[in-house]
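**Q** Let chain A serve as the given structure and place chain B on it in line with the hints.
Protein chains in written order, with this note's numbering: chain A, 1 to 460; chain B, 1001 to 1460.
Where hints are given, some of them may not hold.
[What the hints assert, rightly or not] These stretches of chain B come out as covered by chain A in the derived footprint (C-beta under 8 Å, 3 or more residues):
| hint | segment |
| --- | --- |
| 1 | 1058-1069 |
| 2 | 1083-1094 |
| 3 | 1223-1230 |
| 4 | 1239-1253 |
[What the hints assert, rightly or not] Here's a subset of chain B near chain A, in silico, CB distances under 8 Å, partners left out:
| hint | residue |
| --- | --- |
| 5 | 1075 |
| 6 | 1197 |
| 7 | 1204 |
| 8 | 1215 |
Just so you know, these hints were derived from the structure itself, not from any lab. For each residue, glycine too, the CB sits at the ideal point set by N, CA and C.
There are 2 protein chains.
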Amino acid sequence: MARNTTVQADLHAPPITRTLAEFVAQHPSRGWSDAVDHEAHRTFLNWLGCAVGAAHHESTQAALAAVQMLQPAPQATVLGRKERVDMASAALVNGIASHTFDFDDTHLKTIIHPAGPVASALLPLAEVTGASGRQLIDALVLGIDVSCRVGNVIYPDHYDRGWHITGSTGMLGAAAGCARLLGLNADQTAMALGIAASQPVGLREQFGTMSKPLHPGAAARTGLMAALMAQKGFTASPRALEAPRGLLQVFSPKLAWHEATDDLGKRFEISFNTYKPFACGIVVHPGIDACVQLREQGIRPEDVERIELKVHSLVLELCGKKEPADGLAAKFSIYHACAVGLIYGRAAEGEFSDEVVTSEAVVALRRKVVAEVDERINEESADVTAVLRDGRRIHLFIEHAIGSTQKPMSDQALEAKFHGQADPVLGAAHATELLACAWSVAQAPDVRRLVGCAVASAQA
Amino acid sequence: MARNTTVQADLHAPPITRTLAEFVAQHPSRGWSDAVDHEAHRTFLNWLGCAVGAAHHESTQAALAAVQMLQPAPQATVLGRKERVDMASAALVNGIASHTFDFDDTHLKTIIHPAGPVASALLPLAEVTGASGRQLIDALVLGIDVSCRVGNVIYPDHYDRGWHITGSTGMLGAAAGCARLLGLNADQTAMALGIAASQPVGLREQFGTMSKPLHPGAAARTGLMAALMAQKGFTASPRALEAPRGLLQVFSPKLAWHEATDDLGKRFEISFNTYKPFACGIVVHPGIDACVQLREQGIRPEDVERIELKVHSLVLELCGKKEPADGLAAKFSIYHACAVGLIYGRAAEGEFSDEVVTSEAVVALRRKVVAEVDERINEESADVTAVLRDGRRIHLFIEHAIGSTQKPMSDQALEAKFHGQADPVLGAAHATELLACAWSVAQAPDVRRLVGCAVASAQA
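With the rest of the complex left out, here is chain A (with noise of 0.2 Å):
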């Protein structure tokens, strides 16, 4: 029998379920700057690149096996591969491979790495209902903007809580974003957010196992499945998020309301989204970027004697291991990363392989990197300094690493990423005209060929 305890409840808080659907189901198309415009071209094409890079990797493997026990229907692509699934499950796989590698987008006020979740939800509808690429990038910008600003509500408590918030909040971008590709109304689409609040996913207890890229997959097939149920008729509260036994008041501690709706349609939370550079943990990225910059001073690994490194506690707390053994232990050493920095010039997936984390020439200069804490020294930056064979003290300070917000990658920087990950799944011809399809996918009257693209080619 139903109980009527209910802990800490707000009776009062606002009716943010039906404002956001509302918002999703209304705002003009394209209602934005052109600056907000081109960081959804952005997401989008950095989205795809990861999804494509680990379009191989073990994970999408397994997710994949396991979808195709239900023989799905060849109604979308698996991006990076041959196989055709059904549009939900092509959600899920392609949304657990663009979260494979750490290497997606982060809207760095929640830690949300938004585009997963929406994204994948978005790409094999519009393939199904042919809907054009303006309408795509439309649902990308007001999905994001739905799950990142839930996020801003609940944002720390709840993630302190255990809650991984990418998937916790993905669910509600992606139903958000299908009910607007849908053409769904401002009724339907509070049910289709209601749906979603029912199915949130993601602990951070999975950290290092395939059940964190599950998170945005899982994520985005919700959401899109409850978008489609909305459509068809089915119901939910249409108080679900804010509710005393709404969504939130059980999610969070926290529970700052006026953030799911302040500027509204004027401030968008993709303007607040950052890529990542390197393909790890964002608290070494400054050491990193010091360590390319030396490259591109000219110092070669043969020339070092030592690197210094000054860094924040938690740099050493996360990613202490001096001597790691193989590519995963390697993504929490800043010893490794600083080391391939310098010898590569990058840090991407392929420089955290056990291949090269075991190779001579990066093991050698991994043990003349030398990093200790200064507490004058913040989370985001780092003091490096190379002592060279011949005497010389070469000094860099990093306020700010690239691929922050105060220091974006610029479009060609994002454009070499892509590349680095879809070169190698889609050959280097099939990337480029990828590339170009998705920074012009707003001009497409649909989405076939840019999907066309993303099949991986014969001779990959």
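**A** Leaving out everything else, chain B in the frame of chain A:
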């Protein structure tokens, strides 16, 4: 970036994910008493009747319409209908149908409705894999044991926080059951539990909408997919349930870990399962029971001057609607429930139809029902006096209503309930055959004949 705060983390939780996985993978087939095995059959056939009975409800229709957008392969039976869909979609749709009328089973210690998530996942999987009926019943007992034991760990605090515990533990029971049916080993079963742990379903805010029955349906689907993913090598934390950022610490302030494993393999939670004789909230059942007994004593509506009830306060708080306007409202009316009990001798879904609710005879009799709170009466009891026109007063005290643990429905009563639900959908002949198949399922080499009887007949 990851934060390190966890609210009141229990760092010394026992390894319940592992213990439950070993139990599910290794417990012998039919490793329990005849009474437990019989209860499993009762649970199964009660679930089957509920799923068939709501096969054409608008919630089932809407969910099926959404699923059909995926062009699913015709792998598995949608109970009570002609359509076939992939096994995961069948789990979803059958799970929704089984809980739509709130007429399914209840594990009273946790108010979990355990069969919905577990049986809805198992039957389509058994249909596809060709599993035997014995394997199905084994998996049902073990799956229900997992979800109810997890429920015991966290109830009632988890429910009080706002989670619909049927869905938020159900994906674990479904994953465990499906892992057993697939013959996964303990390592794989732990992964299945872990994958499912990231995907809880269910908010109490959804009560009164179609998203309430969505919860067991989505939990069934999630658990089935988790087991398939684990079989294909997908990974999760092996401590996904108990770790400081695992499901249960994230979920609930109460963590009675011992409940997960006390008498594991000796005491089976399915023993405590109960079945509703009446299609409405449990608090009004004692009153209905009394009125059905009055009818059995020969009292006819036209004999009645007044029905006087003394009840627990919760009855009027939850079910105090005097003049319900339609079927949905009538579910919350002790007055309506008692009237139909006396007139029809039952209170199944049909007695909560709009037609019955507005019929003259029912309206007239319910106006003769007078209810008052009596502090001496507990939640499970009711004191009922029929005051007749001829001056007689007939008094009944119901200590425990029919359907409670203390006064379980007989097999015969369960069969009558089954026919009440299945006959209108399947026709009486098919329903009779289906019932026979359900009682003898453990002897069947596979479930083909059973699901064949559960398809909507041409004449129905």
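**Q** Hint by hint, work out which the structure violates, then give me just those numbers in ascending order.
**A** Result: no hint breaks.
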